[in-house]
Amino acid sequence: MSLNQLISSYLRQEGWDVVSFTDGEEARAAIAREPHLWILDIMLPGVDGYQLIREIKKENEAIPVIFISARDADLDRIVGLELGSDDYLAKPFQTRELIIRVRKLFERVYGKTRKPTLLLRFPRRW
Numbered sequence: 001m002s003l004n005q006l007i008s009s010y011l012r013q014e015g016w017d018v019v020s021f022t023d024g025e026e027a028r029a030a031i032a033r034e035p036h037l038w039i040l041d042i043m044l045p046g047v048d049g050y051q052l053i054r055e056i057k058k059e060n061e062a063i064p065v066i067f068i069s070a071r072d073a074d075l076d077r078i079v080g081l082e083l084g085s086d087d088y089l090a091k092p093f094q095t096r097e098l099i100i101r102v103r104k105l106f107e108r109v110y111g112k113t114r115k116p117t118l119l120l121r122f123p124r125r126w
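Under the UniProt record's numbering, think of the first position of the sequence shown as 1, with each following residue one higher.
No false leads were slipped in.
Listed below are the simulated DSS-like cross-link pairs for lysine-lysine, each with C-alpha atoms no more than 30 angstroms apart in a straight line:
id, residue 1, residue 2
1, 58, 112
2, 57, 91
3, 91, 104
4, 104, 58
5, 91, 58
6, 112, 57
7, 91, 112
8, 104, 57
Quick caveat, the hints were computed from the structure, so don't treat them as lab data. Quantities reported herein were computed from a predicted structural model and do not represent experimental measurements.
The task is simple: from the sequences and hints, build the whole structure.
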């Protein structure tokens with residue numbers, strides 16, 4: 001099972017609607033759908049996570065974004081946060097930790113009653 005599939009499964013078990021992508025162009029096309037949260041990986045084929053967050057924030061700067069990445073250098077975290085990411089989680093991580101971070105971000109942004117739609121974007125190799 002890929003990381004994309006694993007995380008999608010856990011998020012669905014929490015009751016959230018999840019749409020996932022393994023291709024940058026598919027994810028780019030979904031920006032107009034205005035999901036409630038993006039979970040992005042930085043190192044992706046085609047459109048990387050940095051470019052995608054620029055496009056997401058250009059469309060709607062209020063949409064929350066969480067980066068997850070194997071790139072865990074301070075500079076990578078700083079760039080991700082400067083581009084507008086609300087959180088940055090380095091791989092490997094506990095899936096439960098991601099779930100908690102997603103839940104807390106939803107509560108801050110949307111309140112406790114809404115069931116937002118999440119969009120996940122990971123490369124096929126994960």
